[in-house]
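**Q** Sequence:
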Amino acid sequence: MIKTLILDLDGPILDGKLRHYACYSQILNMYGYTPISLERYWEMKRNRLPLKKQLLVSGAEAIQEQFLQAWLEKIEQPDFLRHDCLQLGVKEKLEEWRNSGLELVLATMRRFPKYLQQQLINFGLNSLLDHILVCEHQLGGIGKAQQVQKFLPQISPSNCLWIGDTEIDIEAARSFGCLIWVVTCGIRTKTYLASLSPDFIDSDLRHINLKSFSND
10 MIKTLILDLD GPILDGKLRH YACYSQILNM YGYTPISLER YWEMKRNRLP LKKQLLVSGA
70 EAIQEQFLQA WLEKIEQPDF LRHDCLQLGV KEKLEEWRNS GLELVLATMR RFPKYLQQQL
130 INFGLNSLLD HILVCEHQLG GIGKAQQVQK FLPQISPSNC LWIGDTEIDI EAARSFGCLI
190 WVVTCGIRTK TYLASLSPDF IDSDLRHINL KSFSND
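If you read the sequence shown in this note's numbering, its first letter stands for residue 10, the second for the next number, and so on.
Bear in mind the hints are in silico, worked out from the structure with no lab data behind them.
Be aware that a few hints might be false.
[Unchecked claim] Derived DSS-like pairs: lysine-lysine, alpha-carbon spacing no greater than 25 Å straight-line:
1) Lys83 - Lys61
2) Lys159 - Lys12
3) Lys220 - Lys199
[As the list claims (entries may be wrong)] Ranges between beta-carbon positions, derived for each pair:
4) Gln75 - Asn218: 40 to 48 Å
5) Asn135 - Gln78: 16 to 24 Å
6) Lys199 - Ala71: 16 to 24 Å
7) Asp211 - Glu52: 15 to 23 Å
Where is the CB? At the ideal position from N, CA and C, for every residue including glycine.
Using the sequences and the hints, build the whole thing.
**A** So this is what it looks like as structure tokens:
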């Protein structure tokens, strides 16, 4: 029986496509290069094309190092976070799960907790979450799993479901020892995610049906 849901933020809950594109465009414009279209940019991101190839399309491969530094400085600043929006039906789904007695844990790799907290408040999500864990990006999925084990040792993997949209979440769930349900509305394609053999895969949170689990 599932008692706890561990959710990634960016992708499953928030649509960050416009934020990513706004940051990318600003940096290219800052160095005098022309950004590609939103659709083409997001397709490249979802298909995991390396940064150098993304920049090459605009002839900007020479600024790869400067781009990466600027990206890390800007991408989680409030001016860019305002471009985020809720994925369709997310708030209603979280309310449904919360009202059913499930424990909801947010496990994210955001770098600035104060901006994260404010964004959750702005979207009315903070009151729907029982725990918020901020994990070190460089530690990957194993680091995410370790944060859960460290701060929430009472959670049993056998009663837990991890929900994410990337290979990092799949790694985290497998390291923690629980089932993984991936959604394809985030930053990875369905084809790629399916190749990693997650336990379940769907388009977004609205289609996750926990009745498919036994109540034994």
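**Q** Take the C-beta atom of Lys199 and the C-beta atom of Ala71, compute their distance, and say whether it sits inside 16 to 24 Å.
**A** 34 Å, violated
**Q** Between Lys220 and Lys199, is the straight-line Cα distance small enough, at 25 Å or below?
**A** 23 Å, holds
**Q** Verify the proposed pairing of Lys159 with Lys12, using a straight-line Cα cut of 25 Å.
**A** Satisfied, since the Cα-Cα distance of roughly 18 Å is no more than 25 Å.
**Q** Given the hint of 15 to 23 Å, check if Asp211 and Glu52 actually sit that far apart at their C-beta atoms.
**A** Given range 15 to 23 Å: holds, Cβ gap about 21 Å.
**Q** Looking only at beta-carbon atoms, does the pair Asn135, Gln78 fall within the given range of 16 to 24 Å?
**A** 31 Å, violated
**Q** Please work out if Lys83 and Lys61 have their alpha carbons no farther apart than 25 Å.
**A** Measuring from Cα to Cα gives roughly 19 Å; hence the hint holds.
**Q** Take the C-beta atom of Gln75 and the C-beta atom of Asn218, compute their distance, and say whether it sits inside 40 to 48 Å.
**A** For Asn218 against Gln75, whose Cβ atoms are near 46 Å apart, the range 40 to 48 Å holds.
Hint check: violations occur at hints 5, 6; the rest are consistent with the structure.
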